[in-house]
Structures are given as C-alpha cells and as structure tokens.
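Trainee: Spelled out, the chains give:
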Amino acid sequence: AQSVTQLDSHVSVSEGTPVLLRCNYSSSYSPSLFWYVQHPNKGLQLLLKYTSAATLVKGINGFEAEFKKSETSFHLTKPSAHMSDAAEYFCVVSDRRDDKIIFGKGTRLHILP
Amino acid sequence: NAGVTQTPKFQVLKTGQSMTLQCAQDMNHEYMSWYRQDPGMGLRLIHYSVGAGITDQGEVPNGYNVSRSTTEDFPLRLLSAAPSQTSVYFCASSRTALESPLHFGNGTRLTVT
Numbered sequence: 001a002q003s004v005t006q007l008d009s010h011v012s013v014s015e016g017t018p019v020l021l022r023c024n025y026s027s028s029y030s031p032s033l034f035w036y037v038q039h040p041n042k043g044l045q046l047l048l049k050y051t052s053a054a055t056l057v058k059g060i061n062g063f064e065a066e067f068k069k070s071e072t073s074f075h076l077t078k079p080s081a082h083m084s085d086a087a088e089y090f091c092v093v094s095d096r097r098d099d100k101i102i103f104g105k106g107t108r109l110h111i112l113p
Numbered sequence: 114n115a116g117v118t119q120t121p122k123f124q125v126l127k128t129g130q131s132m133t134l135q136c137a138q139d140m141n142h143e144y145m146s147w148y149r150q151d152p153g154m155g156l157r158l159i160h161y162s163v164g165a166g167i168t169d170q171g172e173v174p175n176g177y178n179v180s181r182s183t184t185e186d187f188p189l190r191l192l193s194a195a196p197s198q199t200s201v202y203f204c205a206s207s208r209t210a211l212e213s214p215l216h217f218g219n220g221t222r223l224t225v226t
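As you go down the protein sequences, you meet chains A and B in turn.
Numbering-wise, my numbering puts 73 at position 73 of the first sequence, and it's gapless, one number per residue.
Numbering-wise, my numbering puts 196 at position 83 of the second sequence, and it's gapless, one number per residue.
Don't take each hint at face value.
Covered stretches of chain A, as calculated for chain B (at least 3 residues, CB under 8 angstroms) [stated by the list, open to error]:
#1 32-43
#2 46-60
#3 96-110
By construction, these hints were calculated from the structure, which means they are not laboratory data.
Please read all numbers here as calculations on a predicted model, not as lab measurements.
All C-beta atoms in this analysis are idealised placements derived from N, C-alpha and C, irrespective of residue type, glycine included.
Could you put together the complete structure from these sequences and hints?
Mentor: Written out as structure tokens, the structure reads:
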C-alpha cells in the first residue's frame, strides 16, 4: 500500500531564511503527490501537486517541490520564510492501484521573528 | 458555490450512541472520502467512494459505515460511539483520486464521553 513519511514533526526557521519540509513516499505505481497546508483553526488548502509532468513543481505563496523518483522524495521548499507561513503542512500520495489518498502525519512549521 | 458541506459542526455523544455525519457536494465530483484528524496523526482515511454505489475501506474503517446512493451525498455513520472516536472529521471530494486536488468540508468536531 502507498504511504508517506514526513521526516520532521516540527521545523523552526527564522523569518527570511529558507524552508525545507521533508517527505518520503512509498508507492508501487506511478504516484501523484500533493502538499496541503492547514493554518491554525482553518481548513486545508492545496499548495501544489505532482502528477507525472515536470518534476519541479511550483505552487502558491512561493513554495515549490521536486519529485525525485530515485530517492522516493518530494520535499517542499521556499527560499524565504514569512510569518504567515506558520502552519501545519501535509504531504499526500495517491496511486493508480486503489484510489486511496493517504496523508502523512504532518510537519508543523514555526517561524521565528 | 457551496462546495463541500458538512453537518453538524459540533457534536457530543455518549458512549454507545449512534449518529450520522452528513456530507454533500455540489461539484459533481465522483470521488468522496472521509478522514479523521487527531493531533500528531495527520489525517487518516476512514472510507472512500469512487462513484455512486461504490465504497471501500480506508486506513481506519472499524466502527464506521458509509453508503453512496447519489453522487452528491456521502454520509458517515457511527454505529456505537466510543471515546476513541473523539476527533475532528473531514469530508472531501475531488474529480478523480489520482490527479485532482481534494476539496474539504469545514469539519465536524465530535466528542464522545
């Protein structure tokens, strides 16, 4: 079955410094991969998605992610963190085998002033 | 556009009671799913459906039933509530499981005492 592992449960960065949120996936078939963000007491919003086109995917709010098949990774990055980026981020995988859309456990991003 | 509508927003149940969480979408999406969100666990898939008349189990299906008699509606039934089912429940829909982003309802906060 497909799965995702988010390697850090909490990440703290200073405002204006780069953000790296790590995600490894497991899938027997060509996966689709997504990143979602959930701000405190808010719903979930799609940041970006990979669906077998370009391996470097650009999303909203300056975020991007690179699909690396050889490393089974889909890490999320942003060049310069903003206070408004403080939220919980979820890496998500689905594949062609069974239509299950599986979430990772989440990474809470803290932005230090 | 209403999108995905979940009711109720809040619910308190006693152990052993049953109830149904309602979910409706007006986007003509074939794929619908239910998740529960618990701290540190991300969103875990309970049940999902790829179209009217078709449902399947997700990661944590025990204690929950679903049906999909129409494209629009996907209710989640708790048969005999237990304290372990205290959680925030999200309904989501998308055009397809593989490539389309999920649209989420606003969630139902359920407490079982």
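Trainee: Determine for every hint whether it applies to the structure shown.
Mentor: Here's how the hints hold up against the structure:
Counting residues of the stretch 32-43 of chain A whose beta carbon lies closer than 8 angstroms to any beta carbon of chain B gives 4, which reaches the threshold of three, so the coverage claim holds. For the stretch 46-60 of chain A, the assignment as covered by chain B holds, since 3 residues bring a beta-carbon within under 8 angstroms of that chain's beta-carbons and 3 suffice. Note: the stretch 96-110 of chain A has 10 residues with beta-carbon separation from chain B under 8 angstroms; the three-residue rule is met and the coverage holds.
Comparing the model with each numbered hint stated earlier shows that all of them hold.
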